[in-house]
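Novice: Read in the numbering used here, the sequence shown has 16 at position 16, and its numbers run on one by one without any break.
One or more of the hints may lead you astray.
Below, computed lysine-lysine pairings styled on DSBU-like, alpha-carbon distance capped at 30 angstroms [said to hold, decoys possible]:
{"#": "1", "residue 1": "K41", "residue 2": "K10"}
{"#": "2", "residue 1": "K98", "residue 2": "K87"}
{"#": "3", "residue 1": "K41", "residue 2": "K98"}
Beta-carbon label-pair distances, calculated as ranges [stated by the list, open to error]:
{"#": "4", "residue 1": "D52", "residue 2": "S275", "range": "15 to 25 angstroms"}
{"#": "5", "residue 1": "P183", "residue 2": "R255", "range": "23 to 33 angstroms"}
{"#": "6", "residue 1": "F6", "residue 2": "L104", "range": "36 to 46 angstroms"}
{"#": "7", "residue 1": "I253", "residue 2": "S13", "range": "25 to 35 angstroms"}
{"#": "8", "residue 1": "P272", "residue 2": "A248", "range": "36 to 46 angstroms"}
{"#": "9", "residue 1": "L104", "residue 2": "P183", "range": "50 to 60 angstroms"}
{"#": "10", "residue 1": "S13", "residue 2": "L104", "range": "26 to 36 angstroms"}
{"#": "11", "residue 1": "A16", "residue 2": "V285", "range": "27 to 37 angstroms"}
{"#": "12", "residue 1": "Q186", "residue 2": "S276", "range": "17 to 27 angstroms"}
{"#": "13", "residue 1": "I253", "residue 2": "A277", "range": "38 to 48 angstroms"}
{"#": "14", "residue 1": "A277", "residue 2": "Q19", "range": "43 to 53 angstroms"}
{"#": "15", "residue 1": "R43", "residue 2": "A248", "range": "55 to 65 angstroms"}
Quick caveat, the hints were computed from the structure, so don't treat them as lab data.
Beta carbons are placed, not taken as given, at the ideal position from N, Cα and C, and that holds for glycine.
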Amino acid sequence: MISCEFEYCKPDSLPALMQILTMYPEATLLAGGHALLPAMKSREIRPERLVDLAAIPELRGIRRGSDAIQIGAMVTTAEVEHSSLLKEALPLLPDAAKVISDPLIRNRATIGGSLAQAEPSGDWPAIALAVGAIIHLTGVNGERAVPIDDFFQIETTPAGNGLAVGRRTVVARSEVITHVSIPLVQGEVRRSYLKRMHPASGFALIGVAVALRLDQDRRCDWCRIAITGAASAAFRALKAERCLVGTAISGEIIREASMLAGEENVEFIGDPFGSSAYRRQMLPVYLRRALSTAIESALV
Numbered sequence: 001m002i003s004c005e006f007e008y009c010k011p012d013s014l015p016a017l018m019q020i021l022t023m024y025p026e027a028t029l030l031a032g033g034h035a036l037l038p039a040m041k042s043r044e045i046r047p048e049r050l051v052d053l054a055a056i057p058e059l060r061g062i063r064r065g066s067d068a069i070q071i072g073a074m075v076t077t078a079e080v081e082h083s084s085l086l087k088e089a090l091p092l093l094p095d096a097a098k099v100i101s102d103p104l105i106r107n108r109a110t111i112g113g114s115l116a117q118a119e120p121s122g123d124w125p126a127i128a129l130a131v132g133a134i135i136h137l138t139g140v141n142g143e144r145a146v147p148i149d150d151f152f153q154i155e156t157t158p159a160g161n162g163l164a165v166g167r168r169t170v171v172a173r174s175e176v177i178t179h180v181s182i183p184l185v186q187g188e189v190r191r192s193y194l195k196r197m198h199p200a201s202g203f204a205l206i207g208v209a210v211a212l213r214l215d216q217d218r219r220c221d222w223c224r225i226a227i228t229g230a231a232s233a234a235f236r237a238l239k240a241e242r243c244l245v246g247t248a249i250s251g252e253i254i255r256e257a258s259m260l261a262g263e264e265n266v267e268f269i270g271d272p273f274g275s276s277a278y279r280r281q282m283l284p285v286y287l288r289r290a291l292s293t294a295i296e297s298a299l300v
């Protein structure tokens, strides 16, 4: 039961949404609602105005351009899972969508909402990092495109005897994610997503998304590795990437790169389902498996 009163708006176009945000910049946006509605029920969030994005056609659709895939912010995980276009052009996305939570959540959770929420154990932030996505935003002050590497911001603030690590993105008040574009990388690109899933929530206790390109000699000349579930926001395993790029892929190189991932300069998180030490120890294990899977050209 949601006990607080609020004004409900459901604009039917992007210009109509911008009019609302111009008048009420503090309005709360509703996408799939799988994170927002429980927070409202528990009274963690008490919005004065709730703006439902479900009827805005500009936020829908999956399209292929000459050099990129475009996915609307209100596209659901289930739509990604069943998209024939994505199965052909970027199979990592539908294959990864299959292991995100359960069918009920996949039918509601949206790409834009998941990225804006930036849940530490969410799947889409790591996947977006691995494929080098670009996040397109529209607000009352205009439009902008943000590379995924600049989208998530890890913020630490003092709390007691230690550090309380918070999370946020660069999405400003009175801004909305309209779509995500994913560049189509030329060449032989191998991709995979592997995670240790919490059996109840479906969140990643540790998740690894990998994209790498091999030349004719099986040397890696391009690589992106992203981690979720380990820190307050998804991050790239840059040390592991540098270890792989320019080398011929072998079991030894994969093991070396995987061990380096556990040495990334991030604050590993812990919760009742897994300590920070556990996550740091499991990261090399899952990265090694994800890299091996990518090389095999198959997703688990």
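Novice: Taking the Cβ atom of A277 and the Cβ atom of Q19, is their distance within the range 43 to 53 angstroms?
Specialist: Check passed, 50 angstroms falls within 43 to 53 angstroms.
Novice: Does the beta carbon distance between A16 and V285 stay inside 27 to 37 angstroms, or does it fall outside?
Specialist: Hint violated: Cβ distance 49 angstroms, outside 27 to 37 angstroms.
Novice: Could you say whether the range 38 to 48 angstroms given as a hint is met by the Cβ separation of I253 and A277?
Specialist: Hint violated: Cβ distance 26 angstroms, outside 38 to 48 angstroms.
Novice: Should the hint that I253 and S13 are 25 to 35 angstroms apart at their CB atoms be regarded as holding?
Specialist: Since the Cβ atoms of I253 and S13 sit about 51 angstroms apart, the hinted range of 25 to 35 angstroms is violated.
Novice: Does K41 pair with K98 here, judged by a C-alpha cut-off of 30 angstroms?
Specialist: holds, 28 angstroms
Novice: Taking 26 to 36 angstroms as the stated bounds, is the beta-carbon spacing between S13 and L104 within them?
Specialist: This hint holds: roughly 29 angstroms between Cβ atoms.
Novice: A range of 15 to 25 angstroms was offered for this pair. Does it hold for the Cβ distance of D52 and S275?
Specialist: Violated - the Cβ-Cβ distance for D52 and S275, about 39 angstroms, lies outside 15 to 25 angstroms.
Novice: For the pair we were handed, K41 and K10, check the Cα-Cα distance against 30 angstroms.
Specialist: holds, 20 angstroms
Novice: Using the Cβ atoms, figure out if P272 sits within 36 to 46 angstroms of A248.
Specialist: holds, 43 angstroms
Novice: At the C-beta level, are Q186 and S276 separated by a distance inside 17 to 27 angstroms?
Specialist: At 39 angstroms between Cβs, range violated.
Novice: Decide if the proposed pair is consistent with the structure: K98 and K87, CA atoms, cutoff 30 angstroms inclusive.
Specialist: Answer holds: K98 to K87 is near 12 angstroms, not above 30 angstroms.
Novice: If I claimed the Cβ atoms of R43 and A248 lie 55 to 65 angstroms apart, would that claim hold in this structure?
Specialist: Holds, at about 57 angstroms.
Violated hints for the displayed structure, listed by number in ascending order: 4, 6, 7, 9, 11, 12 and 13.
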